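Protein chains: 2
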Amino acid sequence: MTGMKEMGQEGAEAAEILASARACVDPELRRAIDSLPGSMRRVALYHFGWEHADGAPAAGHAGKAIRPALVLAAVRATGGEQAMAVRAAAAVELTHNFTLLHDDVMDGDTTRRHRPTAWTVFGEADAVLAGDALHALAQRLLAEDPHPAAPAAAARLASCVVELCAGQHADCALERRGPDEVTLDECLAMAEAKTGALLGCACALGALYAGAGRGEVEALDGFGREAGLAFQLIDDVIGIWGDPGRTGKPAGADLATRKKSLPVVAALASGTPAATELAELYGRPSADGDLERMAHAVEAAGGRDWALLHAADRMSRAISQLARAVPDPQAADGLLALAEFVTRRTY
Amino acid sequence: MTGMKEMGQEGAEAAEILASARACVDPELRRAIDSLPGSMRRVALYHFGWEHADGAPAAGHAGKAIRPALVLAAVRATGGEQAMAVRAAAAVELTHNFTLLHDDVMDGDTTRRHRPTAWTVFGEADAVLAGDALHALAQRLLAEDPHPAAPAAAARLASCVVELCAGQHADCALERRGPDEVTLDECLAMAEAKTGALLGCACALGALYAGAGRGEVEALDGFGREAGLAFQLIDDVIGIWGDPGRTGKPAGADLATRKKSLPVVAALASGTPAATELAELYGRPSADGDLERMAHAVEAAGGRDWALLHAADRMSRAISQLARAVPDPQAADGLLALAEFVTRRTY
Chain A
1 MTGMKEMGQE GAEAAEILAS ARACVDPELR RAIDSLPGSM RRVALYHFGW
51 EHADGAPAAG HAGKAIRPAL VLAAVRATGG EQAMAVRAAA AVELTHNFTL
101 LHDDVMDGDT TRRHRPTAWT VFGEADAVLA GDALHALAQR LLAEDPHPAA
151 PAAAARLASC VVELCAGQHA DCALERRGPD EVTLDECLAM AEAKTGALLG
201 CACALGALYA GAGRGEVEAL DGFGREAGLA FQLIDDVIGI WGDPGRTGKP
251 AGADLATRKK SLPVVAALAS GTPAATELAE LYGRPSADGD LERMAHAVEA
301 AGGRDWALLH AADRMSRAIS QLARAVPDPQ AADGLLALAE FVTRRTY
Chain B
1 MTGMKEMGQE GAEAAEILAS ARACVDPELR RAIDSLPGSM RRVALYHFGW
51 EHADGAPAAG HAGKAIRPAL VLAAVRATGG EQAMAVRAAA AVELTHNFTL
101 LHDDVMDGDT TRRHRPTAWT VFGEADAVLA GDALHALAQR LLAEDPHPAA
151 PAAAARLASC VVELCAGQHA DCALERRGPD EVTLDECLAM AEAKTGALLG
201 CACALGALYA GAGRGEVEAL DGFGREAGLA FQLIDDVIGI WGDPGRTGKP
251 AGADLATRKK SLPVVAALAS GTPAATELAE LYGRPSADGD LERMAHAVEA
301 AGGRDWALLH AADRMSRAIS QLARAVPDPQ AADGLLALAE FVTRRTY
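Heads up: the protein sequence lines correspond to chains A and B, in order.
With this note's numbering applied, the first sequence covers 1 to 347.
With this note's numbering applied, the second sequence covers 1 to 347.
Among the clues, some could well be false.
Because identical chains cannot be distinguished in the list, a pair is counted as satisfied if it fits within a single copy or across any two copies.
[What the hints assert, rightly or not] Heads up, simulated SDA-like pairs for lysine to any residue below, C-alpha to C-alpha not over 25 Å straight-line:
id: 1; residue 1: 259; residue 2: 39
id: 2; residue 1: 259; residue 2: 107
id: 3; residue 1: 259; residue 2: 124
Hints listed in this document are in silico derivations from the structure and should not be mistaken for laboratory results.
Note that the structure is a prediction, hence the values are computed from the model and not measured.
Build out the structure end to end from the sequences listed, making use of the hints.
Following this line, the structure appears as structure tokens:
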């Protein structure tokens, strides 16, 4: 895969960028969440990993802060001051977490960041309401931000939410259909809406806050979208072949739930004998050894190679969008490190 | 009740204001909803009554447009041009409908505006997603509005959403408790958050768009909140004794579902023998004639008189807030007509 190296200097750089973004954005997030009425504050603090279910303080495991880090790195890359965009970065992170709260309810997912999902602890209604409240907080942060780019950022983030909703709708609809009734193009479009859109929006917001021109804003949006697609493809590969060392996600997790992930759909569309075997295995309850058989069939049908090559292709598209927006390689360095980190962190 | 007269000139005036608000705001609403991706557009068009479930055009029955009418009347009352605030009025209406879509899912309500609720037609996930998208559209309308009051309006609307969520949470929590474990103060606070807050916000937004001072903005918020409480009290009276001629809501509807509406909670708190009887009736499945018995017990325990008197008190508080914000009675006329219309329309 393009630019794939052992986690070395760049990985360390990305980890540092992420830690610094988390340190910048957390106080803003905490302040926003602390302003909520008790009922929703409890759910939000639990969801962010800052409280246990009983309200006792927790160490915090609020995710990797990739989206706020992209906002801040994009501001720097386009010549702005990172400090100006901390509210925008927090708004993006609140928006991301609002959609996670809602998606977990709709998907019936019971685990998130190694803990029971908020709806399993507080009920579906309170999880939906806490998500609604985080959505409102995100928009309020931008509405109260005196920076001249804030209204354009708020409008862009709102449009992104509509796209995220469309992506989640497509995801639910695809999961209800049979594996042979789903095309690869539909799955790619869904992944772009559900994952690429907000990564692109994060980068675009950074550029807006730096006062970048329209062309640069759109190119950075494209960079984030393409990198997001690459990230999703790698994540789907991990969902099949696993990476227990780093993410704790066991091999076969997505196969056990018969998820129509990108490598699976590519394999099913291959017209190979392995595709026929995979379709048959996907259509029946798992017997012993079936997860290994499925993983093997996806690989034999070319699903794994396709996903890795397609991820590489998306990353190279991302990099050329980045070069268009930020021609100086040194200025682009932070964004590049983040993109490479999220796409090869676990592979 | 204060100002209670037969629907006459003022009622006709209010009906005209509402029809004119609907005519102003509908094109803006339609434009916003038409911008949605197909999946959510269908749900939204159905919810607003503009399409049938199969996508065929419908005559439209999108509610009475009270909130947008309040925005526009508040702009006029505080010396602004109504045309400037059409987007803000549409944003308030979108916000209201986002919360209706979500509340119907949480409450399991199956009928809204005489039709099956959206979630019963499209499923819970799509109803939640359509609500999220309307919420985003509301904020986008304000973010894209060049009017200098738009950011303050967006922040205020976002804070109002948080309050609406807190109100809905309190409502769900109250409904899970026994009728004798609920205090009247809790119910009033819940009604203020769930109903008063957005009516107050609508009036405040109108004042913001007219460039009114802080004192007037807050007084108009107070006017809307108090009128909203009066409206809720009257609505709760109708939920028990009915008003089939106008709303189609049958007598006893709220009793059949054992709703802890304000007159019921007031009756239960009265310490009268009728309260004991009501508590007993509320705690068992309905037998023949029980709805009439319950309605009678609420009345005998003073719940009906309390609700009507308290509504009158709230209306007089609303009117004094209005006089503070808009001393010229002629300028205040539209807002007053709307408040009187919503509180006595059906009584």
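Identical-chain pair category, residue 259 with residue 107, by Cα at 25 Å: Answer is within: at 12 Å inside a copy they meet the 25 Å cutoff, but 31 Å across does not.
* Asked: Given a CA cutoff of 25 Å, do residue 259 and residue 124 count as a within-copy pair, a between-copy pair, both, or neither?
  -> both (23 Å within a copy, 21 Å between copies)
Given identical chains, is residue 259 near residue 39, meaning Cα to Cα at most 25 Å, within a copy, between copies, both, or neither?
-> Intra 34 Å, inter 22 Å, cutoff 25 Å: inter-copy only.
In the structure shown, no violation is registered for any of the earlier numbered hints.
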